[in-house]
Amino acid sequence: MSVVEWTRHRLFGATEDPVSLRGAFRTIGVTSLVSVILVTTLFPLYWTVNTSFKPAPETQTFPPTFVPETFTVSPYVDILTGAGSSVLVNSVIVSVGATAIAMLIGVPAGYAYARNPGKVGGKHLAFWILSLRMFPPIAPILPLFFMFRQVGMIDTYPTMMLLYLTFNVPLVVWLMRSFFQDIPQAVEEAAIMDGYSRLEAFFKVSLPLVSPGIVTTTLLVWIFSWNEFQFALVFTRNAAQTYPVIIPSLVGGHATLWNQVAALSVLAMIPIIVISLLMQKRLVRGLTLGAVKG
Amino acid sequence: MTTIELDTVRKEFGDDIVAVDDVSLTIEDGELVVLVGPSGSGKSTTLRMIAGLEAPTSGDVRIDGIRVNDVQPQNRDIAMVFQSFALYPHRTVRGNISFPLEARDVPDAEVDGRVEEAAAMLDITELLDRKPANLSGGQQQRVALGRALVRDPQAFLMDEPLANLDAKLRKEMRTEVVRLQQNLGVTMVHVTHNQEEAMTMGDRVAVMNEGKIQQLAPPKEVYQRPANRFVAEFIGSPSMNLLTGSLSDGTFHADAGDVSVRVPDGLADASTATPLTLGVRPESVQIVDSPDEYTFEATVDVVELMGNVQIVHIVLDDTEFLAEIDPDLAVEQGDTLSLRLPPEKIDLFDGVRPESPRIERPADHEPSVGGTVVTEE
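Chains as they are written, first to last, in my numbering: chain A, 1 to 294; chain B, 1001 to 1377.
Don't read these hints as lab results, they were simulated from the structure. Ideal Cβ positions, reconstructed from N, Cα and C, are used throughout, including at glycine. Don't take each hint at face value.
As the list claims (entries may be wrong) - Cross-link-like lysine-lysine pairs, in silico, DSBU-like; alpha carbons within 35 Å at most: (1) A:123 / B:1212; (2) B:1171 / B:1131; (3) A:281 / B:1131; (4) B:1171 / B:1345; (5) B:1171 / B:1212; (6) B:1345 / B:1131; (7) B:1220 / B:1168; (8) B:1131 / B:1168; (9) B:1212 / A:119.
As the list claims (entries may be wrong) - Only some residues are given here: those of chain A computed to face chain B with a beta carbon under 8 Å: (10) 184; (11) 186; (12) 190; (13) 192; (14) 193; (15) 194; (16) 196; (17) 197; (18) 205; (19) 208; (20) 209.
Chain A with its partners taken away, still in its complex shape:
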């Protein structure tokens, strides 16, 4: 079978009627589009991984090498023995703490807004919370900086966790509000009629039913906190410094340690990728299917 024949067979199958021809062109179109998107999004990722395994001189060669000529893990060793390990630990502490606080505040608030629309905090509080996410984070940085400095809270874990509430709480409240709205009130009322208090009904029925939503929201909030740069840059010096801040510091005037930058980036990506893959199944909504008929 010649290449031409094989291609034609793969594309058009046995027949060459116009319908399957059109279908074939559509398949080619979709495949090309997806390929372009995949290449443009995955190439930087590939290039980062590629660079992270090169010795420093090889990162500067031209033309660049598409696989490391000298494969080495020393960039990882160097960054982890240097500043890398402490900033990664800081990032874990700050992001997990910030996420936990945001969820503890946002989930009950979202529930309250879902069940009592327009009643909690008057008509405007819910929108005000949302509006906190509308201004650019750089806008409140200066006043916040002076406030925190006044109480001696620069470069601490609690500071960073509190700061991240500004963009995380609105997200949690609004996402959880819509997840709770999807749960019919009758299911909670049924639990109450079955002999449970309002609070028990919440914990035994509503909360389990929104667990896919909670997983999604937690992941989203955690990723925002994990990657946050601006607040971290301004509010940390050393003790609470997170990994996004350290990366630009590796870009020096004389030499930039691209391989270490890449190694730290890869290390920072790993937890996000692993957690996303693990949670993929739970992210799927639809646990409430069958709760209510019609």
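Starting from the structure of chain A, add chain B where the hints point.
This is chain B only, laid out in the frame that chain A set:
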């Protein structure tokens, strides 16, 4: 022994919506009372106040003579079945039915036995380990019933539980619910907008409209002696024919069409309002060969053969008038018929509004419905 008492219970939403308007109602032990009415008539709100899911704006709810206005719904020991069934999707059928027992700290060994028993009663034993999403509507309905009866509650509240089922299943479940209620001898309040369901299920029927009970009586009485024009029109299928018009010299002249028929003296004398309403059920209308003072002539518009009866539609200007007649009578579209309204079957309503009361017939013409007559306080 469970009686439920509503004492001038009122529920307002916001400033100007009165959902339930001073309703008083006593439901006896072991009785099945059906609250029936169009949507927005306040029947569901009334039920939710018995449940405790809504608090009355004023008035008292009493269970066994004890005021429960301030008792939380979970402490009233009343089971409720919802229109949407409201099953717990994250729990199996077994988990759904055992849920109310878990709230009462029933020992595990006993829970299993009672769940099995309830499941057997409803014929859903083989479904116990499935999730609600994998059940049909009728099966979900049975699970919802099982969850209600497993804990042997003081009373059952049913909030349109049959409305989401298809017609055939609805009739089956109707019978089943009544059988359960009778076997358990439990007090039950059933809400529906379906008058047929109300007629077939209730020991007594409370017809509601605009937040008020229009009539509270056994089904037969509601049908034969409707308290007012609203009840007359709402109960019965096809609906009672209602003609507005006026009386002169014992003869009723309808506003629509060329209808003038004599009404019994006793009725005519007792009327006070003009205009007023004449009502006659389609099955009471007779087709006769020789006209008399109780007949009028009209042209047939449409004939529908239903099998056991045929329904003749007649258009009187803007009013439709129905006659349910013997299917063997040869009647065709365009025929002119003499329709007789038998005097002993005619009802007069003193006015033209829904709440216009029915005028009592002279004693010899009043249908006997048996039992005690209970009317609104």
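A quick look at each hint next to the structure:
{"no.": "1", "hint": "A:123 / B:1212", "verdict": "holds, 33 Å"}
{"no.": "2", "hint": "B:1171 / B:1131", "verdict": "holds, 25 Å"}
{"no.": "3", "hint": "A:281 / B:1131", "verdict": "holds, 19 Å"}
{"no.": "4", "hint": "B:1171 / B:1345", "verdict": "holds, 30 Å"}
{"no.": "5", "hint": "B:1171 / B:1212", "verdict": "holds, 28 Å"}
{"no.": "6", "hint": "B:1345 / B:1131", "verdict": "violated, 54 Å"}
{"no.": "7", "hint": "B:1220 / B:1168", "verdict": "holds, 24 Å"}
{"no.": "8", "hint": "B:1131 / B:1168", "verdict": "holds, 24 Å"}
{"no.": "9", "hint": "B:1212 / A:119", "verdict": "holds, 29 Å"}
{"no.": "10", "hint": "184", "verdict": "holds, 6 Å"}
{"no.": "11", "hint": "186", "verdict": "holds, 4 Å"}
{"no.": "12", "hint": "190", "verdict": "holds, 4 Å"}
{"no.": "13", "hint": "192", "verdict": "holds, 5 Å"}
{"no.": "14", "hint": "193", "verdict": "holds, 4 Å"}
{"no.": "15", "hint": "194", "verdict": "holds, 4 Å"}
{"no.": "16", "hint": "196", "verdict": "holds, 5 Å"}
{"no.": "17", "hint": "197", "verdict": "holds, 6 Å"}
{"no.": "18", "hint": "205", "verdict": "holds, 6 Å"}
{"no.": "19", "hint": "208", "verdict": "holds, 5 Å"}
{"no.": "20", "hint": "209", "verdict": "holds, 6 Å"}
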